[in-house]
Amino acid sequence: MNRERTVLGAVLTVLAIVAVVTSGYLTWVKLAGIIPECGPVKGCETVEASPYSEIFGIPVALPGLLMSLAILITVVTWWWSGDRRFLYVPYALGILGLFVVGYLTYLELFVIHAVCIWCVAFAIAIVAGWIVTLVAMRRTAASG
Amino acid sequence: MVLDPQICRKEPPLSSNRPTSKSATRRERRVAEREERRRAAPKPSGLSVRIPPIAWISGAAIALGVLAIVIAVLASGVGGGPSVTLTKPAELAPSELIDGRSVGPADAPAQMDVWADYQCPGCGIFSTDVEPRLINQYVRQGNLRITFRDFAFLGQESLDAAVAARCAGDQGQFWHYMQYVYANQRGENLGQFSRAFLDSVARELGLDINAFGSCLAGTKAKQAVADETNQGGAIPVSSTPTLIVNGQKVASLDFTVITKAIDDAIAAGQGATPAPGSPAASPSPAASSSPAITPTPVP
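Protein sequences appear in the order of chains A and B.
Numbering (numbering that gives the first Met the number 0) for the first sequence: 0 to 143.
Numbering (numbering that gives the first Met the number 0) for the second sequence: 0 to 298.
Rather than coming from a laboratory, the hints here were simulated on the basis of the structure.
A virtual CB, placed ideally from N, CA and C, is assigned to each residue, including glycine.
Hints are not guaranteed to be accurate.
[Said to hold, decoys possible] A few chain B residues that face chain A, going by a derived Cβ cut-off under 8 Å, partial list only:
#, residue
1, PRO51
2, PRO52
3, ILE56
4, SER57
5, ILE61
6, LEU63
7, VAL69
8, LEU73
9, ALA74
10, SER193
11, THR293
12, PRO296
13, PRO298
[What the hints assert, rightly or not] Ranges of calculated distance between the beta carbons of each label pair, as one might list FRET restraints:
#, chain 1, residue 1, chain 2, residue 2, range
14, A, GLY38, B, LEU66, 21 to 27 Å
15, A, ILE72, B, ARG26, 22 to 28 Å
16, B, THR255, A, PHE109, 18 to 24 Å
17, B, PRO298, A, GLY32, 25 to 31 Å
18, B, ARG49, A, ILE123, 20 to 26 Å
19, B, ALA216, A, ILE34, 29 to 35 Å
20, B, ASP262, A, GLU36, 37 to 43 Å
21, B, ARG36, A, ARG2, 41 to 47 Å
22, A, PHE109, B, LYS259, 26 to 32 Å
23, B, ARG36, A, THR104, 22 to 28 Å
24, A, ARG2, B, ILE208, 21 to 27 Å
25, A, ILE123, B, ILE68, 15 to 21 Å
26, B, ILE68, A, ALA31, 23 to 29 Å
27, B, GLN222, A, GLY32, 34 to 40 Å
[What the hints assert, rightly or not] As a list, the in silico DMTMM-like pairs of lysine to aspartate or glutamate whose alpha-carbon atoms are at most 25 Å apart:
#, chain 1, residue 1, chain 2, residue 2
28, B, LYS221, B, GLU203
29, A, LYS29, B, ASP253
30, B, LYS87, A, GLU36
31, A, LYS29, A, GLU53
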């Protein structure tokens, strides 16, 4: 395993874990009917209680959790195997995620008028993960 | 790949007594032949172009992303946010008694101002429980005029609801809109009074949703709410709801205390006193007793 893949794989894995944890937490509090822990930053309880926090009766964070898990699995697989094809999954899901977190951020800022710190962490993990995936794909292409 | 037989026939004999120069010539010929074959070959149609995986993966992901947004927007109701289940007020005030943000005749002997925040629980109880009784007991007889006053201090949702109610007022539906908001209270700053909710109430009342949306986006109603809240602060309103009858603060939110204040005002025939609760009205010293409704103190 070359050093570049080691570093990129570690970064991607950490970002995917952040996405899994944040979306998992939001899914859990929604299903359990608990007000999310916001710490000093207010707003996540407003977002979580808003009608936009679910779609077709399921927590909107649940598809995010499934997506994050798929990203985590494929990123770790690439990290260990070095097979570049596994990067296509986080790459494609990352694009999908960009649309979704973009829309959800729009809702937070302009419709719900509250920002959820957990949602921000998820969005950052998805966007940063996609960018790092792009870097990994370019580097692996360059190295053959 | 099929080689062009004509080109194959042009291949020179392999025998040569000058290998270096001959092989160089052959290489040159081969390059030229390859170039010729490339030119002669039919141009590939669009369908046969080999699309790199990254391109179709990107395209598919973008298409899925767009689809996801479309589904999310559609699930939210076209342009109107998600559907919201509204609780209808138990008793809507009679339309014939409503006059803008007031209910009751302008010349009623008792004039009551209700300074309230849309998220304050006590204001909710007052609206859903006390106010209908006052309407039946006094307003219908022409003895009382109740006027709603904005004192939005509990957060963004209080402001949003206050602005929305005023926007409904632009279409003659302030009072019923206000009643709907109070009938659907659910905690403070929990996302209940979202844009989707505010739009749902507007639709329920048959408002022109475009005009309503324009009003929400504008600054006029927001400024009016802010101005009136500042006026309330000058009285001063120290908790919500604060009731002022003919310029005098009602000492308690107990129903008997409220009705006594109204009865006294009617008996004193003070219907022509300055607009109660207005900045010009002289504030009375705050008093307290055991209230039937727990007021929300202003910090």
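Once the shortest beta carbon distance from B/PRO52 to chain A is found, is it less than 8 Å? For B/PRO52, the interface hint holds, since the closest Cβ of chain A sits about 7 Å away, which is under 8 Å.
Under the criterion of a CB-CB separation shorter than 8 Å, is B/VAL69 in contact with chain A as hinted? violated, 10 Å
Measuring from beta carbon to beta carbon, are B/ARG36 and A/ARG2 in 41 to 47 Å? holds, 44 Å
Can you let me know if the beta-carbon spacing of B/ALA216 and A/ILE34 is within 29 to 35 Å? The hint (29 to 35 Å, Cβ to Cβ) holds, given that B/ALA216 and A/ILE34 are roughly 30 Å apart.
Using the Cβ atoms, figure out if A/ARG2 sits within 21 to 27 Å of B/ILE208. At roughly 59 Å between Cβ atoms, B/ILE208 and A/ARG2 fall outside 21 to 27 Å, so the hint is violated.
Compare the distance between the alpha carbons of B/LYS221 and B/GLU203 with 25 Å, and conclude whether the hinted pair is satisfied. Distance ~22 Å between B/LYS221 and B/GLU203 Cα, so the pair holds.
Would the hint on B/PRO296 be counted as holding, given a Cβ-Cβ threshold of 8 Å to chain A? violated, 20 Å
Against chain A, run the beta carbon of B/ILE61 and see if the smallest gap drops under 8 Å. holds, 6 Å
Does B/PRO51 pass the interface check with chain A, least Cβ-Cβ distance below 8 Å? violated, 11 Å
Taking 25 to 31 Å as the hint, is the beta-carbon distance of B/PRO298 and A/GLY32 inside that range? holds, 29 Å
Residue hint B/ALA74, partner chain A, criterion CB-CB below 8 Å: holds, 5 Å
Do A/PHE109 and B/LYS259 keep their Cβ atoms within the hinted range of 26 to 32 Å? Once the Cβ atoms are compared, 48 Å apart, the range 26 to 32 Å for B/LYS259 and A/PHE109 is violated.
Consistency with the previously given hints fails for numbers 1, 7, 8, 11, 12, 13, 14, 15, 16, 18, 20, 22, 23, 24, 29 and 30, ordered from lowest to highest.
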